[in-house]
Structures are given as structure tokens and as C-alpha cells.
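Peer 1: Residues per chain are reported as follows:
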Amino acid sequence: MTIQIVLSIVMILVNIILYFVFGSLVMAINKEKPLRATLSVLVGFFVYYCLFDIPCLIVMLHWRPLSVLSMTWAVILVLVVVISAVMSFTRWKSGFASLTQYVRENMAFCITAVAIVAVQMILIMHAYEFTLDAAYYVANVTTSLRTNTMNIYDPFTGDWQNHFETRYLFATYTMNDAVMCQLTGIHPLLWTKTIMSGTAVILTNIVYYKIGRKLFGNSNGKILLMLFFAGVLNFFYISTFTSSNFMTTRTYEGKSLVGNIVLPMILYIFICLGEDHKNRKYYLMLFLTCIGSTILSSSSNMLVPATVAVFALPLAIRKKSIGVLVKSALCVLPCLFMMVMYVLYVKGLFVFYTYPPLFGKH
Amino acid sequence: MQTLNVQESGFLYIFKCIGLYSGGCLYLALYIAALIFLFKKGTKRDREIFLYPSLVLLFTVFNPVFPVAINSVFDINKEYYRFIWITPVVILLSYTASKIVFENDYSKGKRTIIGAAITCILMGLGVSVYAKGYTPAANIYKMPEEVLQVSEMIHNHANVEYPRALCDYNMNMEIRQYDASILLAADREQYMNAVAGQISDEMIASEGNYPEKLLAMLVMGKELDFDVFKEALDATNTEYIVLDHYSRMIYYLEKAGLNKVGETQTRVIMHYDLKDPKKFELADYSEVWKEQKF
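The listed protein sequences derive, respectively, from chains A and B.
Letter by letter, the first sequence follows residues 1 to 362 in the working numbering.
Letter by letter, the second sequence follows residues 363 to 656 in the working numbering.
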């Protein structure tokens, strides 16, 4: 039990470090000079899943085993870490030095912020919750791992399916869970319900922190209090349907990540755009968030474009800029594309079989 | 929102949706109060960030015409509530609360009192996720111990790698999360239909519908003709039935010829000798891979 707890904490840190490395690479490519650790983690989270989607879809649509994807992804992870380290090592070094200095100078702030997040993590990670959707999402990871396949067997019953369920096909977030379980040997329940839950709580609070920093500037006390109130609200804004309920009980689900990380992230990006609506890097961030969200959950296909529209419209009017609308629309194209794909699938215009037609299993 | 329908509710849908969405929480009302506060006392930037997008939300997501219009293109009955997620309730309320505490040059003591008061108000106007109690996880899998025990008992008894079972509701939803080598006779939709009492006598009387027949027995307590019941077990290759200790169907199962092969604190595992057991095997894709260049 103790080993598993330690393993969970280590893997949460590994996740955050991986996101940081991925984000750091994008920042380096984008020639961002100072290291922005928390922003790198957030951007990296979306880049990580965007990049994962490519080999995942290729391997899955060729009916290859999960282990092929696991090996491919392990190689890609190593490559990204190496390339990112080469491109950002000096930035990491100076960034780490300034981060250490910041922590030393703001010890009380850092300890309190960590404590606020840690309390939420402990409560969520230690609680038993019965949710119906886990019968699909978690069982899908367990089934993929057990059969060494991807999305081919029905998670509810274990039976072979003759076609991929398109609603979940492109949202490959759960397949990443399966890959990580295969690479680490961790049971899917421990991975999803503890490790990914903990990771999601940290990411959610990082977005709150970034928004707080934008709204309150350097007033650490105000930011801390905002983090505290946000924590309280998330544990008390509960009905079957609220995003806070998803965060506290179904933390590891793609939908929960959309409601609690993606949507606040879009708000954060539009706060940034409010300061400089012509800055290309914010649109890049928005694009990565939008495309990344389609991989987390198909729920984002309609929700994310709607959210972007809600924030882009007032900004465009305020700035008297049609460019804001055009660029925002371009950013949500991946979501709209996925939505159209799903509609076409529902209308029976295409299907991805789990076996090639020539083998006559349909 | 399974219970709400745009076609039936029409323009009232959004109000019913908000009601169900909020449950016992008054945070959407607090959200409006916070917007008014920012409108009066906030900065221009506060209004730009929160007020104007909220107005767009008012004219779109919260507009009674909007769900009706969207529903004519997409079926959004079940998922419209997710549009309410766009409203940044948690962020706006936490920001405003923090702003109020630091609003004037209060002393530390006063700030603490105001902060505590706001916390109490937020807690009072909401519903705690642990309102019905906090249930700590029983093990690292965050599964009831019985799920692990049932899985182990079935595997110890079974002669095959992938035995098939039909379980009571909770067990059926949880066991494959822990152990995907146990196959289930009914999927979630079939199970939910049974729980909702939507398995009719006609369905039971007609050919096929084997999972429904098994569920009619287990969930709805229907004592089917033994031959019909056994035919359903054979057709679905179901060897094990897991049910509550106190279920009155245990007696029926025993009369049908099933044997008790395991028992946990609250559950009984019954076994049926299949007439013609079919071994479940994973699909072989090796021929497909040979044909592929990749």
C-alpha cells in the first residue's frame, strides 16, 4: 500500500514534468526567452495529447496491438525529452535558479498554495466514488490492457466489436492511460482514479493560479485566497451536472478535464488576448488548447467552439477587430471538424471497422 | 439530463435545465450578485473579462430559444447542461470573494472575519460533495473489497480464461474496471433499461433478447420458465450469476439447477453448467498484419 502511494506521487510528478518538457519545447520553438514553468506545464499538457493522437490513430486504425503504440510512444517520449533538453537546457538552468530564488523569497505563499492543492488532492484521491461512466472509461483502459488492443473490445461486456465507436475513436485520452499503464505496469484503476485524478487537480489549480496572477498581479495574498475560495466552491458546487461535481468525483474523465481545465484555460487565454489581441502566441495557445481538447473528450467538439465564441465576440467588439473572430474561428476548426465527422458517422455515412473488409468478419 | 426533453418543455427547457443543474446550490444567483458587484465596484478590466461574456451567455446559452433552435439540428437533450459549464462560476466567485476581503484597508483580524464569513456563506449556499458522508477508498484500486473477492472466486472456479457473468447492478458496473478478463452478459444500456423496468413481457416472450431475459430475472425479479432461462444462459455463454445475499431469486436459481460456488459478505456467486460452453478467444489479427506494409 505504501509503495503504491509513493508510486502514485512519483507518477503524478512524472506527468507534470512530462507536460513541462513538452511545453518547454513549444516555448523554445516559439523563441520564448524567460522560462515560464506553470505556463509550460499547461501548454505542454495539450501538446502532449496532440502529439500522442498521431501515432495512436495510426496504430489503432491498422488494428495493431497496444504494445506497438506503447513502444512507439516510449520512443517519442525519450526523443521529446532529449530534444527539449537540448533546446532548453540553459533556460531550464536559469529558470530553475530563479524558481528556487522565488520559492525562497515567497516561502509562505508557496507552502500555503501547495497545502491548498494538497488538501483537495488527498480528499479526492482517497475517496471512493461510484460513477456509471467509469464502467466505460476505466473499463476501456483495463480492457485495452488485458487484450493488448485499442477500442476493439466493448468495455461494458468484453465482446469483440465489429467497428470502432467513433464518439470515442478520436478522443484518445483513455488510450494514453492504457499506454502509460502498460509502460509502467500500474493497474488502470490506480492510474486513472488516483494518478490522473491527482494530476488533474494540480492542472486545474495551475489554471486558477494563472488567472489569479493575471487578475491580481503580484498580490500573493489575494491569489492564495482566490485559490482557497475556488477549492471551497468546487467541493460545494455539487449537483449531478456541475463541472465541480465532475472535478471532485469523476476527476480522471476527459469530460471533467474539459470542464475544469480546458474552459478555464480558454478564459485565461482571452484575458491575455484582452491585453494584446494581436499577439500570435496567444492564438497558438488557443489553437493547441482547442485541438488538445478534442483528444481529451468528444464533449469538447461543441463546447469548446461555443466557449471561444462567448469570449471572442465581446473582445472583437471591444477591440473593433474582425481579426479576433477570424483567428478564433480558425483555432476551433479541429473541434468543428470532429463534430462534422461524428454527425456523418451517426448518419451512417462512414464507419471504421475493427477488421479489414476482405477478411469477411463484418 | 435524461429526465428533461426539449421537445416536451419547449421554451421552458432552459429554466428546468438550470433548476436541475443547480440542484440545491444557489451559486448561479451568487454569480449574478458578483457580476453586479463588479459592475458597480470593479474595474473596467473586470467588466471586460466577466461582464461582457456573461451578457453573451445570457443571450445565447441562457436564452430560452437557444436550446430549442439547437435541438432542431442536434439532439442535445442529454448534454445541453454542459453549455452552462461555460459560465465561469468558480473563477468569478472566488475572484470576487478575494476582492471583497481585500476591498478596503481592513486590519488582518477584520479580513480574517470577512474571509471566514464568506466561506460560511459559500458553504451554506452550496451542497457539499460529501453531504452524504465521505467514503474512504477500501484499497488502492478504489473498489469495494467484494469486487476483488468476486473476481478471484470466479477465476478460481472457472476452467476458462474469460468466464462470463451477470452481476447485480453495482458489481456489473465495477467488476470489469478491475478485471477485464471477466466478460459480462449485459451491457450498460440493457442494464439501465432493466433498472428502469423497460423490459416488457413481449420482449421476454419473443425469440432472442437473451440478455434482457436474464436481466428480467435478476433485476426485475421475474421467474421465467426454467427452459427459457437456461436457454438464455446457454445462448449468452453465461456461467456465473452474482447477486445479493438477500435476493429472493437465489431460491429460483437453485431450483433452476445453479449451484452456489462462492460467497462474500453481501453477495452470492451461483454457477451454471453450460450445455455447450464456447471458449472466448481474442481475435487473431496476424493475417491482417502480414498483408500490411506498416
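Hints were generated in silico from the structure; no laboratory data involved.
Be aware that a few hints might be false.
[Stated by the list, open to error] Here are some chain A residues pointing at chain B (derived, C-beta under 10 Å):
id, residue
1, K33
2, A134
3, P155
4, T192
5, T242
6, L263
7, A329
8, L333
[Unchecked claim] Computed cross-link-like contacts, DSS-like style, restricted to lysine-lysine with a CA-CA straight-line distance of at most 25 Å:
id, chain 1, residue 1, chain 2, residue 2
9, A, K214, A, K319
10, A, K214, A, K33
11, A, K31, A, K327
12, A, K281, A, K327
13, B, K406, A, K319
14, B, K584, B, K637
15, A, K281, A, K31
16, B, K403, B, K494
17, A, K347, A, K281
18, B, K472, A, K347
19, B, K584, A, K278
20, B, K402, A, K214
21, A, K222, A, K278
22, B, K640, B, K622
23, A, K320, B, K406
24, A, K214, B, K592
25, B, K470, A, K222
26, A, K222, B, K403
27, A, K214, A, K281
28, A, K214, A, K31
29, A, K347, A, K33
30, A, K319, A, K222
31, B, K652, B, K592
32, B, K641, B, K622
33, B, K440, A, K319
34, A, K222, B, K406
35, A, K222, B, K641
36, A, K320, A, K31
37, B, K592, B, K617
38, A, K327, A, K214
39, B, K402, A, K319
40, A, K281, A, K33
Even for Gly, the Cβ is constructed at its ideal location relative to N, Cα and C.
Peer 1: For every hint, state whether the structure bears it out.
Peer 2: Results of checking the hints against the structure:
no.: 1; hint: K33; in the structure: violated, 26 Å
no.: 2; hint: A134; in the structure: holds, 6 Å
no.: 3; hint: P155; in the structure: holds, 7 Å
no.: 4; hint: T192; in the structure: holds, 9 Å
no.: 5; hint: T242; in the structure: holds, 7 Å
no.: 6; hint: L263; in the structure: holds, 6 Å
no.: 7; hint: A329; in the structure: violated, 15 Å
no.: 8; hint: L333; in the structure: violated, 18 Å
no.: 9; hint: A:K214 x A:K319; in the structure: holds, 19 Å
no.: 10; hint: A:K214 x A:K33; in the structure: holds, 19 Å
no.: 11; hint: A:K31 x A:K327; in the structure: holds, 21 Å
no.: 12; hint: A:K281 x A:K327; in the structure: holds, 12 Å
no.: 13; hint: B:K406 x A:K319; in the structure: holds, 14 Å
no.: 14; hint: B:K584 x B:K637; in the structure: holds, 23 Å
no.: 15; hint: A:K281 x A:K31; in the structure: holds, 10 Å
no.: 16; hint: B:K403 x B:K494; in the structure: violated, 38 Å
no.: 17; hint: A:K347 x A:K281; in the structure: violated, 38 Å
no.: 18; hint: B:K472 x A:K347; in the structure: violated, 62 Å
no.: 19; hint: B:K584 x A:K278; in the structure: violated, 67 Å
no.: 20; hint: B:K402 x A:K214; in the structure: holds, 21 Å
no.: 21; hint: A:K222 x A:K278; in the structure: violated, 29 Å
no.: 22; hint: B:K640 x B:K622; in the structure: holds, 22 Å
no.: 23; hint: A:K320 x B:K406; in the structure: holds, 17 Å
no.: 24; hint: A:K214 x B:K592; in the structure: violated, 66 Å
no.: 25; hint: B:K470 x A:K222; in the structure: holds, 13 Å
no.: 26; hint: A:K222 x B:K403; in the structure: holds, 17 Å
no.: 27; hint: A:K214 x A:K281; in the structure: holds, 17 Å
no.: 28; hint: A:K214 x A:K31; in the structure: holds, 22 Å
no.: 29; hint: A:K347 x A:K33; in the structure: violated, 49 Å
no.: 30; hint: A:K319 x A:K222; in the structure: violated, 29 Å
no.: 31; hint: B:K652 x B:K592; in the structure: violated, 42 Å
no.: 32; hint: B:K641 x B:K622; in the structure: holds, 22 Å
no.: 33; hint: B:K440 x A:K319; in the structure: violated, 37 Å
no.: 34; hint: A:K222 x B:K406; in the structure: holds, 19 Å
no.: 35; hint: A:K222 x B:K641; in the structure: violated, 63 Å
no.: 36; hint: A:K320 x A:K31; in the structure: violated, 29 Å
no.: 37; hint: B:K592 x B:K617; in the structure: holds, 12 Å
no.: 38; hint: A:K327 x A:K214; in the structure: holds, 22 Å
no.: 39; hint: B:K402 x A:K319; in the structure: holds, 23 Å
no.: 40; hint: A:K281 x A:K33; in the structure: holds, 13 Å
In the structure shown, a violation is registered for the earlier hints numbered 1, 7, 8, 16, 17, 18, 19, 21, 24, 29, 30, 31, 33, 35, 36, in ascending order.
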